[in-house]
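Engineer: First to last, the sequence lines map onto chains A and B.
Residues 1 to 321 (UniProt numbering) are what the first sequence spells out, left to right.
Residues 1 to 321 (UniProt numbering) are what the second sequence spells out, left to right.
Just so you know, the hints here were simulated from the structure itself, not pulled from any lab data.
Keep in mind that the hints are not guaranteed to be accurate.
Same chains, same label: a pair holds when it works inside one copy or across any pair of copies.
[To be verified] Derived lysine to aspartate or glutamate pairs resembling DMTMM-like cross-links, with alpha carbons at most 20 Å apart:
| no. | residue 1 | residue 2 |
| --- | --- | --- |
| 1 | K22 | D315 |
| 2 | K145 | E223 |
| 3 | K226 | D315 |
| 4 | K201 | E223 |
| 5 | K89 | D153 |
| 6 | K117 | D315 |
There are 2 protein chains.
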Amino acid sequence: MAVDIYSIKAETTQKTPKHILKLSVNDKREFLNSFDRIFSDVDGVVWTVNEYIPQAAEGFKALADAGKKYSFVTNNGVRSESEYAQRFKEIGIEFNANEFVYPAKSVVQYLNSINFKGLIYVMATDNFKKSLRGAGYEYIFGPLKIIKETYSDLANHIFSNEPVRAVILDVDFNMSSLNLIRAHLFLRHPDCILILGASDKLLPFAKGVDIIGPSSFAKIIAESSKKRLITLGKPGKDLAELLVKNFCIKDRKRVLMIGDMLEQDIGFGTQCGFQTLLMLSGGCNLEKMLAETNTVNIPDYYADSMGDFIELLKDLKKAEV
Amino acid sequence: MAVDIYSIKAETTQKTPKHILKLSVNDKREFLNSFDRIFSDVDGVVWTVNEYIPQAAEGFKALADAGKKYSFVTNNGVRSESEYAQRFKEIGIEFNANEFVYPAKSVVQYLNSINFKGLIYVMATDNFKKSLRGAGYEYIFGPLKIIKETYSDLANHIFSNEPVRAVILDVDFNMSSLNLIRAHLFLRHPDCILILGASDKLLPFAKGVDIIGPSSFAKIIAESSKKRLITLGKPGKDLAELLVKNFCIKDRKRVLMIGDMLEQDIGFGTQCGFQTLLMLSGGCNLEKMLAETNTVNIPDYYADSMGDFIELLKDLKKAEV
């Protein structure tokens, strides 16, 4: 039975996130027994930009030893799947490619699920395009050029008779207004759909530095074309449905979503009906978490880093003795 | 005394626009006597894309003969002022460069009015940049190039130590996400202001074809930077204030705003406290006008084209005999 998880009303009483190491022994045990599966973000939980977060691998290993399954769900598809595999291997995290979720893959799964036929106009990286090509989809992109400042040259570069039936947008280092205008024009066709991969309004780029993310650009086209934005990155509704289906989730409450971003990770988890845990090892500090007023984005639990799970499991073991 | 025209509440009773030729003779006389000055849009009133709208020049001449002053206020600064002068001359409309209002000029006037000192980051056409240079302002722009798909190359092209204190955005044929991301980063400086010239969400490009306009792009940066968007094109509040000051408007009700766009022209006029007249010779037809529900965008009057003013003046002359 399909449940519209987005019809779940936000709780009206304010939640107070609990630090997993400040729980009583009984509550720690109860918490650990309350979930079977983990979906975890990568950036901010496993590493930040290029630095490994100490004990992340050990934390996941300890949870696996305690019988928990985990998979990674990231919005960051700029790295290729093999680069991810390599990095996970280096730090000693077991990597199951089949269960690794990122926008390019989710988009392909979505296109397959609707039996999509037709040409795609894509604004994304080469890695993203490779995923589409690998799945047998045909696409066009660009133009990637500087044009003359005349309406006639503009017309030459935005109008096209190509039978585009899907516009797809993800991180694109060279996206231009020409591309967005072209996308808007393709979307005039009633059957042309609009898909967003990475769904960040702002992307954390360096310490304290955010840059404008794909979701901001996609919003322009969604508004101008009045098309529904099918969103296959966190916190997208369509990704939530895909995850629940692909991982055969029966009881959403027995899933724990772990991440470092209030909207993308915690908001996504809450709206999926999962339990949520904010890791303070990435883009959000304690102050910011406590200042959050949107109940959807307030986590059930928080921890300093994955290493806290090692402590929690030790505490429980000690208590058993 | 400064009046906050934006505090004027929208009327709650629905207005019904009146066709100027369907008024009684008395109402025609009253209407004509109710304004001394006209601000008129150009595209859609004088010409559409490249076609002259018949009798536009004669319409303005008839109004001038009846003692009305008129000036043109356009969002379209892609043409240079001298090109405008040439086109107006060709069709026989008297052109007073001092009273011709377009975004690049309004932006310069605004910068002068706040005694702006500092470097500008600009996303606009060469014509626009020429206006800034002519007024003695220094600016940087770009990059205008295709970059490698790596975070390090992205970093090389978005970070800058230039002391930018204003980001200015207008129509820019080659704007890229790199430019928008750079703008967002410059706006992190607390003193850096954000200015929009042409304020169209969508630009009418060809018959039945709109393209995404500068206002949509500016909105992304305003949201990401949380800066106020100083808007010097129609329907911008800052342009309204500049017009009222520069043209020494004492009684706003004795100004008639003429234009072909519901939001940009009529909405702008209403919010300025002017009377408004929609010309059906451009981007809006009768059906669309009647379907408009936002009172601010419903005109007081409408007409098929400027030629209707010739008829109206004839009718009044006939009635005097």
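Engineer: Next, verify each hint and record whether it holds.
Structural biologist: A quick look at each hint next to the structure:
Only within a single protomer do K22 and D315 lie at most 20 Å apart by alpha-carbon distance; the minimum there is 11 Å, versus 86 Å between protomers. Taking the shortest alpha-carbon separations for K145 and E223, neither the intra-copy value of 26 Å nor the inter-copy value of 28 Å comes in at or below 20 Å. Taking the shortest Cα distances, K226 and D315 never come within 20 Å of each other, neither inside one copy (54 Å) nor across copies (45 Å). Taking the shortest alpha-carbon separations for K201 and E223, both the intra-copy value of 15 Å and the inter-copy value of 10 Å come in at or below 20 Å.
For the identical chains of this complex, K89 and D153 are neighbours neither inside a copy (50 Å) nor across copies (26 Å), given an alpha-carbon limit of 20 Å. With identical chains, the CA atoms of K117 and D315 are never at most 20 Å apart, being 54 Å at best within one copy and 62 Å at best between copies.
In summary, the structure is inconsistent with hints 2, 3, 5 and 6 from the numbered list given earlier, while agreeing with the others.
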